[in-house]
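Participant: Residues per chain, in single letters:
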Amino acid sequence: QKEVEQDPGPLSVPEGAIVSLNCTYSNSAFQYFMWYRQYSRKGPELLMYTYSSGNKEDGRFTAQVDKSSKYISLFIRDSQPSDSATYLCAMRNTGGFKTIFGAGTRLFVKA
Amino acid sequence: SQTIHQWPATLVQPVGSPLSLECTVEGTSNPNLYWYRQAAGRGLQLLFYSVGIGQISSEVPQNLSASRPQDRQFILSSKKLLLSDSGFYLCAWSVNQGGSYEQYFGPGTRLTVT
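In the order they appear, the protein sequences are chains Y and W.
Per my numbering, residue 1 is the first one in the first sequence, and the count goes up by one each step.
Per my numbering, residue 1001 is the first one in the second sequence, and the count goes up by one each step.
FYI, nobody ran anything at the bench for these hints, they're computed from the structure.
Here the structure is a predicted model, which is why all the values come from computation and not from measurement.
Careful, some of the hints might be misleading.
Chain Y is faced by these chain W residues, among others (derived, beta-carbon under 10 angstroms) [as the list claims (entries may be wrong)]:
id, residue
1, 1001
2, 1004
3, 1007
4, 1032
5, 1106
We treat Cβ as the ideally placed atom computed from N, Cα and C, and that holds for glycine.
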């Protein structure tokens, strides 16, 4: 079993839709959870960063962490064509240097 | 603000040739530095990380090596490339202090071994 599972998609939605992206994980020691956005042929860009359980909102983006279910989500409201990218979840435990990344979900937002 | 540079952006090399990819970070001191490889449809594979000058930890045994000759410079090398070394190589940095684990990535180098 992989430490982090992420559906690779592709996920195609119309402009203005609410997008839900998800990851599950197996290591209960993970405490830090991140979402990255990666445009084609570019490096990943940090979008959201949360610690432990709960929600965090930043503009159109909301990150949720449910540690009891080992499940994290990223919601994008009022999706735009410019949101079309691959979204990677990432997580790590306290200490150490290793961040575990999901394989990424490819999102297409159609105008 | 901090910026991270990688070069070259793209590289085509024959099998058996040497490799040198460079990464530099500006605007921060004593960062943690990382080299990742990203294969199509797969997650990021951590290759090396460094917490200081001359301090390199390897995550995956392979024909690649890394060096950190200066505080904000990280180099990925190989003496003889294999076809399987093709991929998208990403350098990243993070703040070297407790409680801060976000990593920030460079633009990447796309390597094709022919």
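Participant: Now tell me if each hint is right for this structure.
Facilitator: Going through the hints against the structure:
Proximity of residue 1001 (chain W) to chain Y is violated relative to the hint, the smallest CB-CB distance being about 14 angstroms (cut-off 10 angstroms). The criterion of a C-beta within 10 angstroms of any C-beta in chain Y is met by residue 1004 (chain W), whose closest approach is roughly 8 angstroms, and the hint holds. A least Cβ separation of about 13 angstroms between residue 1007 (chain W) and chain Y goes past the 10 angstroms threshold, and the interface hint is therefore violated. For residue 1032 (chain W), the shortest C-beta to C-beta distance to chain Y is roughly 6 angstroms, which falls under 10 angstroms, so the interface hint holds.
At its closest, the beta carbon of residue 1106 (chain W) sits 5 angstroms from a beta carbon of chain Y; the interface hint therefore holds under the 10 angstroms criterion.
When held up to the earlier numbered hints, the structure conflicts with 1 and 3 and fits the remainder.
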